[in-house]
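Could you build the full structure based on these sequences and the hints that come with them?
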Amino acid sequence: MSPKRNFTPPSHVDEALRRSAQHARNAIAEALLAGHALLDAVALATTGRAASARTDETRAHLGHSGLASLAERIRLLATSVRGREADLPEDWTHAILEALDQEISRWEEQSRGDPDARAVLRAFIGLRELLWEFGLRDSQATDSRKPSSESRRPETDEDRGRSERVQRIKVEG
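All letters in the sequence shown, in the order written, are residues 1 to 173 by the working numbering.
Hints are computed from structural coordinates only; laboratory data are not their basis.
Where hints are given, some of them may not hold.
Stated by the list, open to error - Label pairs and their computed distance ranges (CB to CB):
1. 166 / 20: 28 to 34 angstroms
2. 53 / 135: 27 to 33 angstroms
3. 24 / 72: 22 to 28 angstroms
4. 101 / 19: 32 to 38 angstroms
5. 23 / 116: 38 to 44 angstroms
6. 130 / 11: 34 to 40 angstroms
7. 111 / 7: 45 to 51 angstroms
8. 21 / 48: 37 to 43 angstroms
9. 166 / 125: 25 to 31 angstroms
10. 13 / 113: 33 to 39 angstroms
11. 11 / 168: 53 to 59 angstroms
12. 94 / 25: 19 to 25 angstroms
Please read all numbers here as calculations on a predicted model, not as lab measurements.
Ideal placement from N, C-alpha and C gives every residue a C-beta, glycine not left out.
As structure tokens, this is what we get:
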């Protein structure tokens, strides 16, 4: 059993809100560090070395530098969320999600011929979903994923003859 901490209840609303905000920041930081640990697991399973391993030698495994960069960004973000100073890029959300999207694209390509790569791909997609749940969404990246009107298939006469799947019925009352 761990030793009990000396807890004093807050005496003002402001103090209680400050504590609440700090606990929320700590929880987000822990979730980010959980994602960091998942990256290490993925890297260990695929390359034999943790993504967070720092080494000066040239990385022999394709893509390890991308994983290491993503792991470092996540670690810096977790440190920053906790309230400590960190040297983060100005647009850190974009940088993290862009690196994650690059890894997802790389593993999508690799998973076409390697069934084991699908598990790694699912881990990266899960990490992106986790970050999205915490509100880390890149408006530039999500806008670029939406199909433009030019890329949509043109409507044909056959399409116009189809009935809509959802029928709107006016309800009186």
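Hints, verified against the model:
A hinted range of 28 to 34 angstroms for the beta carbons of residue 166 and residue 20 is inconsistent with their spacing of about 42 angstroms. A hinted range of 27 to 33 angstroms for the beta carbons of residue 53 and residue 135 is consistent with their spacing of about 29 angstroms. Taking the beta carbon of each, residue 24 and residue 72 are about 24 angstroms apart, inside 22 to 28 angstroms as hinted. For residue 101 paired with residue 19, a C-beta distance near 36 angstroms keeps the hint of 32 to 38 angstroms intact.
A hinted range of 38 to 44 angstroms holds for the C-beta pair residue 23 and residue 116, which are about 39 angstroms apart. Between residue 130 and residue 11, the C-beta spacing of about 36 angstroms keeps the proposed range 34 to 40 angstroms intact. As the Cβ distance of residue 111 to residue 7 is approximately 49 angstroms, the hint placing it in 45 to 51 angstroms holds. Hint check: residue 21 to residue 48, Cβ distance near 41 angstroms, so the stated range 37 to 43 angstroms holds.
Distance hint check: the CB atoms of residue 166 and residue 125 are about 29 angstroms apart, consistent with the given range 25 to 31 angstroms. A beta carbon spacing of about 59 angstroms between residue 13 and residue 113 contradicts the range 33 to 39 angstroms that was offered as a hint. Against the hinted window of 53 to 59 angstroms, the Cβ-Cβ separation of residue 11 and residue 168 comes to about 56 angstroms, which satisfies the hint. Distance hint for residue 94 and residue 25: a CB-CB separation of about 21 angstroms, consistent with the stated range 19 to 25 angstroms.
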